[in-house]
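Input sequences plus hints: build the corresponding full structure.
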Amino acid sequence: MIKNIYLLLFLLSFTQFSFSQEIEFGEVSKEELSEKFYDKDSSANAVILYKKLRTFYGANASSVELVTEVHERIKIYNKEGFDKATITVNLFKSRSSKERISKIKAYTYNLENNKIVETKLEKNQVFENEYSYNYKQVKFTMPNVKEGSVIDITYKITSPFVLSIDELKLQYDIPIKHIEAEIHTPDGYNFRTKVKGNISFFPQHSRKRSTALDMTMDIQNYTLKDVPALKEEAFVDNINNYRAGVMFELISIVTPSINRYYAQNWGDVAKTIGSDDDYKNELDKTNSFDDELDNLISDNQTEIDKMKSIFKYVKDNIQWNGIDGKYFYNGIRKTLKEKKGNVADINLTLVGMLRYAGIDANPLIISTKENSIPFFPTVDRLNYVLAYAVIDEEQYFLDATDEFSDVNVLPLKDYNWQGVLVDNNKMVWKKVAIREPETGITQYMVNASISEDGALEGNVMSRHTNHKAYSFRNNYNSEDLDAYLTEKEEGLENIEISNYKAQNAETYEGFVSESYDFYKEEGADVINDKLYIAPMLFLKSTENPFKLDEREYPIDFGYPLKERYMVNISIPENYTVESAPEPMILKLPEDLGTFQLSNKVLGNKIQLSASVELNKALMGPETYVYLKEFFNQMINKQKEQVVLTKVK
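Numbered per mature numbering (1 follows the signal peptide of the UniProt record, and there is no 0), the sequence shown spans residues -20 to -1, 1 to 628.
It should be emphasised that the hints constitute simulated quantities derived from the structure, not laboratory data. Honestly, I wouldn't trust all of these hints.
Pairs of lysine-lysine, PhoX-like flavour, derived with a Cα cap of 25 Å [said to hold, decoys possible]: (1) 349 / 174; (2) 393 / 288; (3) 10 / 59.
Here is the structure:
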């Protein structure tokens, strides 16, 4: 990570530039307080009236620092916007250095009896906590917030990580009336920039001489007005990937006294990571685990069997401590001794063990979905490492940190873009596409009977494979059985479940199956001498997950999926089928998905067959209008009812 490069690269002090704000802190107007809604988005519960960020280089008595000054003014329209009165600032920290926040000033303004009343945020209302291994969190909630309040906040962040400029975010989940940002960088410090999001904007450049530094400073100014809210919806990998903003990556420092280049391409990134001692030397210290493996594997095993045995051993014997990372936290020896470690401790130990067993295995460095897509070659923005093996030209991807992951069944966060292969032994450093997950399949078999009073009872059997099984296991094991079943009953239209059984749910290999009996007192509507029942019963979809009129970012289902339903319903002997839903075949363009439904009547039984297939894990935003209509028609079809008439 560039943040930990020595500050000695900066030998001279920097002069802070003065700047004038268009809107002064604390000067809140009656017009702002009287505003009832945002005219460009009346659904907004709050709006950012004004935000200004200024990032520049300053100096204390002993070192150079990167300083960011923030001024933010937020209007809160109603109670649903009260959460915007809580401000959270995450501060990066390493083992030896950390960012800090200072000069917090904040007021809540209200209009009372046509007078502006201010309430100050006190120091004892600001709280700090250790958010994660690499971040401290500062958090405060503004006092005396009401419907119509305006909050005005200013603070300063000082960072010792002077070669890493954080992403500039220019869009949030509420609209922005006016936002501007200034980024000051010294001449010769060359940053690659990447504009993100779907809003067009361009920086204005200016230059200013620093007499104290005797260098020219490049100033980038970004100004945007009336920025719409970035609205999150179902099936998105990481909404931050599509937020309007600018990313910065230092690629070189070229000055009269310094001539240094950083990652120019992904090969450079891989070489840089591979040159670290963790990858050059630690991986092949086989005496750390030779005793364990000599008892675990044998010469008569195939390489695939060896891989699976070693994978299981690591999963069973080393617990993830919840910390990501591409470098060791403990190292192999300490990890094996303490049976706990970060992602790198676990998956690099797995790589080392696979190599000891004679398997062609290497680290694959990635950025997880939660971390973001790396838009350009970067060491800094890669946060995770997988084990990657090749056996008989077949690729295998392994992540032993997750209890229910399997070979080529990774946690969904891992399926993000490509990985960077670090093979120091063969001197291969390149990008490798992560193998796409196989289709997750769920099959349902339902046998039910309906009584004259509309009561429904029967049995459900289901079987789940690949990532459907992975998802099932995570849900099933996340809480005790009683809580799990209560939640399941509520999700299935409040049926009563009994005789529940789940098989193979507490391991990570193979399929999962479940079965249970059910009862629902009002399984059908009884009107006069007729019964009305949706033949997919409580397994039907009821709500379209796609609600926006349009969407400008991809739809990420995580994996291709297929769901099949076979439903048999026995009807009362003195009833006959008056009408039933017509068969339907519904298709998405370019074979992206299919929905099928058909039914037939055999004596006193209704047999329904239905299936849903989504054939790609990731679909582009241009498919959104089709997906929304596909789900809409599918849901409407599943709501259609069979009408049973009593025979007189």
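A quick look at each hint next to the structure:
With a C-alpha separation of about 18 Å, the suggested pair residue 349 and residue 174 falls inside the 25 Å cut-off, and the hint holds. A hinted pair counts as satisfied when its Cα atoms are at most 25 Å apart, and residue 393 with residue 288 qualifies at roughly 22 Å. Our distance criterion of 25 Å between C-alpha atoms is met by residue 10 and residue 59, whose separation comes to about 20 Å.
Figure legend: structure checked against the earlier numbered hints; every hint is met.
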